[in-house]
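Take the position in the sequence shown, starting the count at 1, then add 180; the result is the number in my numbering.
A hint or two may mislead.
[What the hints assert, rightly or not] FRET-style restraints, in silico, Cβ to Cβ:
#, residue 1, residue 2, range
1, Gly410, Glu556, 49 to 57 angstroms
2, Gln552, Asp221, 38 to 46 angstroms
3, Ile463, Lys211, 34 to 42 angstroms
Bear in mind the hints are in silico, worked out from the structure with no lab data behind them. No residue lacks a Cβ here, since even glycine has one placed at the ideal position from N, Cα and C.
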Amino acid sequence: MKIAFNAIRVSNKAGSGFDTFIINFVNEFAKYVYSNKLDIDFDVYTLYPKHFPEVKKENIKQVKIPFIKQDKKVYKPNQTKHKNLSHLFTFSLSHFLPRLLKHFLADYFRMFWTQFVFPFYARKYDLTVALTEYDACLFLNKQIVIIHNTVPFLFPMFPAKYKFYTYKLLPKILKRCQKIIAVSNTLKDELIKMFSLEAQKIFVVYEGVDTRIFHPAEEDEILSIKKQYGIKTDFILIVGHSHPVKNFTGVIEALKIVLKKHKVKLVVAGLFEKKFTINDNIIYIGHVQNSQLYILYSAAKCFVFATLHEGFGLPPLEAMACGCSVVVSDKGSLPEVCGDAAIYVDPYDPQSIADGIIKVLSDENLRQKLIQKGFEQVKKFSWEQSVEKFLKVLTSS
Numbered sequence: 181m182k183i184a185f186n187a188i189r190v191s192n193k194a195g196s197g198f199d200t201f202i203i204n205f206v207n208e209f210a211k212y213v214y215s216n217k218l219d220i221d222f223d224v225y226t227l228y229p230k231h232f233p234e235v236k237k238e239n240i241k242q243v244k245i246p247f248i249k250q251d252k253k254v255y256k257p258n259q260t261k262h263k264n265l266s267h268l269f270t271f272s273l274s275h276f277l278p279r280l281l282k283h284f285l286a287d288y289f290r291m292f293w294t295q296f297v298f299p300f301y302a303r304k305y306d307l308t309v310a311l312t313e314y315d316a317c318l319f320l321n322k323q324i325v326i327i328h329n330t331v332p333f334l335f336p337m338f339p340a341k342y343k344f345y346t347y348k349l350l351p352k353i354l355k356r357c358q359k360i361i362a363v364s365n366t367l368k369d370e371l372i373k374m375f376s377l378e379a380q381k382i383f384v385v386y387e388g389v390d391t392r393i394f395h396p397a398e399e400d401e402i403l404s405i406k407k408q409y410g411i412k413t414d415f416i417l418i419v420g421h422s423h424p425v426k427n428f429t430g431v432i433e434a435l436k437i438v439l440k441k442h443k444v445k446l447v448v449a450g451l452f453e454k455k456f457t458i459n460d461n462i463i464y465i466g467h468v469q470n471s472q473l474y475i476l477y478s479a480a481k482c483f484v485f486a487t488l489h490e491g492f493g494l495p496p497l498e499a500m501a502c503g504c505s506v507v508v509s510d511k512g513s514l515p516e517v518c519g520d521a522a523i524y525v526d527p528y529d530p531q532s533i534a535d536g537i538i539k540v541l542s543d544e545n546l547r548q549k550l551i552q553k554g555f556e557q558v559k560k561f562s563w564e565q566s567v568e569k570f571l572k573v574l575t576s577s
């Protein structure tokens with residue numbers, strides 16, 4: 181079997197949820213196939229080969245797209261294979277455009293490449309794998325599409341990425357494609373209802389947690405990172421970005437209630453707008469690499485993930501792996517993923533979110549029980565298990 185993975189969605193800094201999934205899944209797939217000497221030939225199409233160290237160079241196909249700054253170190257053997265088409269997508273105009281416009285255009289060129297260039301390469305493969313819902317191709321039927329969430333359909337009031345593609349093309353692609361992978365049973369049920377899909381066409385493959393990266397930090401690491409970010413007291417942590425579904429405003433309203441009973445800081449890690457301040461009780465630290473994130477998880481009194489909906493919800497599991505108690509939304513897939521290792525709250529009710537946080541901050545025995553349950557819950561989710569289930573999907577009829 182010869183497979184092509186479309187990993188063009190991965191960004192240079194690799195900080196999004198999509199990035200986390202694609203990089204971990206593809207690297208683990210490569211390790212598993214090579215070590216077990218499976219009769220599977222595969223290639224990975226990507227802008228940034230540096231993110232796939234487990235993939236052999238001959239299996240990396242580096243794509244070139246305008247407006248995107250790429251690695252200086254290129255893989256010449258693979259680039260020569262792309263020479264016939266890649267020259268059509270490189271020109272110097274990108275040097276003269278503002279950064280935001282470059283980002284916008286680069287994003288849409290990713291979509292253009294997937295729809296109109298990738299099919300030419302796909303002809304030599306038995307199967308292609310779209311690693312996110314935004315990387316599926318209308319013109320390919322022999323493809324597996326991995327779906328991560330249904331937010332644009334559940335919350336049409338929020339701006340959707342690629343509106344025409346999302347609302348017009350994706351439903352058709354899901355009808356035509358060979359198989360669909362949902363990252364949770366909750367998501368599978370949503371897909372069946374939304375698109376009237378056959379249940380036997382959809383398979384569930386959970387995401388995983390890399391416990392080599394996410395694990396309890398040492399005390400000196402915790403002291404160092406608190407000093408670095410000026411954190412002088414206990415804190416609760418949120419991680420992510422400011423999309424309305426992530427419910428940052430709900431957490432802020434809840435914090436106002438929490439502060440009446442507990443002297444804590446809210447540390448905000450990720451791409452959030454710095455539009456909220458409550459005296460000096462909110463500390464924005466921006467995007468952080470995993471090399472620091474696991475320490476922040478370990479140092480926090482609790483991690484809050486009060487989102488309005490999740491297709492899977494990996495951050496709570498990362499927090500659990502680091503020995504952090506979690507307070508999460510009771511919506512979407514989170515009860516399925518977090519089990520009995522979390523405090524559940526209504527994300528639409530700031531008082532409910534505040535009560536969940538206060539419960540953890542006020543009861544050390546409860547916090548410790550949640551931490552221990554979290555360690556057990558994380559064992560159910562590994563990237564190796566994800567790959568093993570994916571391979572069963574490949575071989576299923």
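Going through the hints against the structure:
| no. | hint | verdict |
| --- | --- | --- |
| 1 | Gly410 / Glu556: 49 to 57 angstroms | 34 angstroms, violated |
| 2 | Gln552 / Asp221: 38 to 46 angstroms | 44 angstroms, holds |
| 3 | Ile463 / Lys211: 34 to 42 angstroms | 38 angstroms, holds |
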